[in-house]
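Based on the sequences and whatever the hints tell you, model everything.
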Amino acid sequence: MIAVKAFDAIVIGGGGAGLRAALALGDAGKKIAVISKVFPTRSHTVAAQGGINAALGNVQHDDDWRYHFYDTVLGSDFLGDQDAIEYMCKEAPRTIIELEHMGLPFSRDENGKIYQRAFGGQSRFFGKEPVKRTCAAADRTGHALLHTLYQQNVAKRTQFFNEWFVLDLVKNQHGAVVGVSAIDIVSGELCYFMARQTVLATGGAGRIYHSSTNAYICTGDGLAMAWRAGICLQDMEMWQFHPTGLYGSGILISEGTRGEGGRLLNSQGDYYMTKYSSMADLACRDIVARSSMEEIIHGRGCGPKKDHVLLDIRELSEETIAQKLPGITEISKIYAGIDPKQDPIPVVPTVHYLMGGIPTTPYGEVINHKNGKDEIVPGLFAAGECACVSVHGANRLGANSLLDIVVFGRAVGQRIQEVDNASQVQEASRTDIEAAFSAYYEMEERTEGDAFVSFREPMQRLMQDDFGVYREEEKMQKGLGSLQELRQNFHKSAYYKDKSSVFNTSRIEAFEMRNLLDVAVSTAQSALTRKESRGAHSRVDYPKRDDQNWLCHSIVHYDGGFEKRMVNNSPKEVEPVALKERH
Amino acid sequence: MQINIQRFDPDKDENPYMKTYTVDTSAFHGVMLLDALEYIKTALDDSLAIRRSCGGGVCGSDGMNVNGKNGLACQTLLKELPEKVTIYPMPGMPVIRDLVVDMSQFYQHYDSVEPYLQSDTSDLEAEQLQSEEDRAKLDGLYECIMCGCCTSACPSSWWNPDKFVGPQGLLTAARFVLDSRDDKRDERLENLSDKYRLYRCRGIFNCTNVCPKGLNPTAAIAELRVQQSEGYNEL
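So the sequences go chain by chain: A and B. Note that our numbering has the first sequence beginning at 913, numbered continuously upward. Note that our numbering has the second sequence beginning at 7, numbered continuously upward.
No lab work stands behind these hints: they were computed from the structure. Nothing here was measured: the structure is a model prediction, and the numbers come from that model. Please note that the accuracy of each hint is not assured.
With a cut-off of at most 25 Å between alpha-carbon atoms, the simulated DMTMM-like pairs for lysine to aspartate or glutamate come out as follows [stated by the list, open to error]:
#1 B:K219 / A:D1251
#2 A:K942 / B:E120
#3 B:K169 / B:E131
#4 A:K1068 / B:E89
#5 A:K1409 / B:D52
#6 A:K1002 / B:E120
#7 A:K1245 / B:E20
#8 A:K1002 / B:D51
#9 A:K1253 / B:E138
#10 B:K47 / A:D1453
#11 A:K1390 / A:D1453
#12 A:K1409 / B:E20
#13 A:K1411 / B:E138
Printed below as a string of structure tokens:
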């Protein structure tokens, strides 16, 4: 008999989006639980460094959220939904002030105001002047944000189920999501978490790639469970390569490093970004990542293998480095064995962030787009990296992800307050619940076959080689075929030897592997189908953006189906940004 | 290299035991101890239980005792370790399995210092100002990643695990006492004023020696005592 725990709402994931949603739900007086596979401060939000965007105007008083809106739409290469971007940018200043009141230890300027730095793709007067818009706590903004949100949840006495792993969504016969199936990692106990409202805030999935800035735990759990439950995924080809992952380990070196004046350098001693963009080192990430790849491809990479570039901060003042970039100094010393004051930092474009995900309304309600129509999935919400609102489109601006998670985490909580109705019948039959545990039992009972872990390396290699910064038809076609085969074999034969109950990480990783394979296949399907280059999706065989045919979201279904979905070009208060080329 | 790890699965082991793994460090990618442990899990023994998340020293998951000293596996360089490495779970905390410890009490102490800003300001529309000097007082305090290395290395925490707040909780208390935006300084100091919560620290710097972030909880504890000696309004 499987245990049942009942709540008004459950939040899956204890990162920034989940913790912000939990606060909003708590304020609404809901009986809620946060279910997280790690203790919340171990979530990947903690690794964000550079900052969080808001047009506070602390440095340049004439900054305005409308400029932030323009930059975000342009940065998205017009694949972002302008109504959602408008909402996020307009809400940003108030959101930062709210975080400040929660205690976030922002760095300060000489007037005692929140410190703001320059970041990629940010401007004033619609692209005319540079701007300092990124609010920062040194280069540890994600850490400061996540700990602050956790602390607020301690204050509010939020109920946590830490080190519980969610297996699948429970869906009833009416198509409503009515909770999740889960396993307590510590004891091995199974439980059906019954809830009228389920919020997915499970973060990214960078571990589908071989080299990634993402934590081990970024395994796309929410994406995969939604997809398996028959909900579509959107824009899954849109993976951001961060220009400055540390060479070797892939650990993130903040864009704030360039915001403070750092510059990229090739083996010939050229600061090459001036050649590629008028914004030089502060161009958008897709542009900088491609520029670095061009340098490497043309033999101007660094090191014996000429396979990376350098990030030079030697000209920055000691004071700037000590006060504004202490974290990256520490990372360079520990993980690259260099002191960035003396030697440039070896970096390479590295998978960092998924712009796509589970499509939602600007209030976080999950949309299932089927046969050309949007349908709201009753009982299911999503926020943060696993969601695709879409505010990032085909390329996210640096420091817009922390903003995304707090703005839409809060929006989800508030929306649930509006729509949740305690008298709403929420029934799941025994069969519905059992269906959400069936994969668990299947793999648990398998005692021979292929070790689940043997699927990891081939998947990560395929993704790295065939779905990297540059993509082309033939390689992707083969890559998709191999991934599908890999996934089929996984379902037929993957197993874990260790069947123990207590803290069995092998079992959990096997189910994470199952999720990763789903995400990898969805990425491959989308990438292969989109025959143009837009934002982070660069096809050598279709090098141009094709607004005629592809100014649309790509929707993939679990059964392999593909659809196009309209991009929203109707902000409420401002004129939509008209199509133009990016530089 | 030879890696000895204390193993224990409560379902089948009566007592913990040591297991030795011979690891060829050229067989895997990566230069950190965590990479070696991941290799062991992947290639040699899938039953080994560890916690890990970011792999970059910011999430605080993989604290463990390596050759007698607490630290994070993800920032312990293999080349700086001797040929023979012995790993125990962090001391002073109950073992759940292998290198995974029960940190409940550690988190309870954290909660007990009310680790959240308490400000009386009524103007919620504007940011609270804080001078650069006041903000600098939080440096060395707010960066804590709650890995538990310090508290687990502290004999005072071992002797009075339920009563002494421990270096992590006290570091956090100092982070809020020293925050110019916080209006509960007196209450916070009062909350630490019994014989045990603050004063069991004997100043031996074990916490500071092991902190993977280079923080100094002993100094933070000293600062709290200075603040107490300067006086506060008892409640």
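Do the hints match the structure? See the list:
1. Our distance criterion of 25 Å between C-alpha atoms is met by K219 (chain B) and D1251 (chain A), whose separation comes to about 17 Å.
2. For the suggested pair K942 (chain A) and E120 (chain B), the alpha carbons sit about 23 Å apart, so the restraint of at most 25 Å is met.
3. A C-alpha spacing of about 40 Å is found between K169 (chain B) and E131 (chain B), which places the hinted pair above 25 Å, so the restraint is violated.
4. Taking the CA atoms of K1068 (chain A) and E89 (chain B), the gap is near 49 Å; set against the 25 Å cutoff, the hint is violated.
5. Distance restraint check for K1409 (chain A) and D52 (chain B): the Cα-Cα separation of roughly 8 Å lies within the 25 Å cut-off, and the hinted pair is therefore satisfied.
6. Distance restraint check for K1002 (chain A) and E120 (chain B): the Cα-Cα separation of roughly 33 Å exceeds the 25 Å cut-off, and the hinted pair is therefore not satisfied.
7. A distance of roughly 43 Å separates the Cα atoms of K1245 (chain A) and E20 (chain B); the hinted pair therefore is violated under the 25 Å criterion.
8. Under the criterion of a C-alpha separation no larger than 25 Å, the hint pairing K1002 (chain A) with D51 (chain B) is inconsistent with the structure, at around 52 Å.
9. A threshold of 25 Å between alpha carbons decides the hint, and for K1253 (chain A) with E138 (chain B) the separation of about 24 Å falls inside it, so the pair holds.
10. About 41 Å separates the Cα atoms of K47 (chain B) and D1453 (chain A), which puts this hinted pair outside 25 Å; it is violated.
11. Our distance criterion of 25 Å between C-alpha atoms is met by K1390 (chain A) and D1453 (chain A), whose separation comes to about 15 Å.
12. In summary, the hint linking K1409 (chain A) to E20 (chain B) is supported, as the alpha carbons are separated by about 22 Å, within the 25 Å threshold.
13. About 54 Å separates the Cα atoms of K1411 (chain A) and E138 (chain B), which puts this hinted pair outside 25 Å; it is violated.
Of the numbered hints listed earlier, those contradicted by the structure are 3, 4, 6, 7, 8, 10 and 13.
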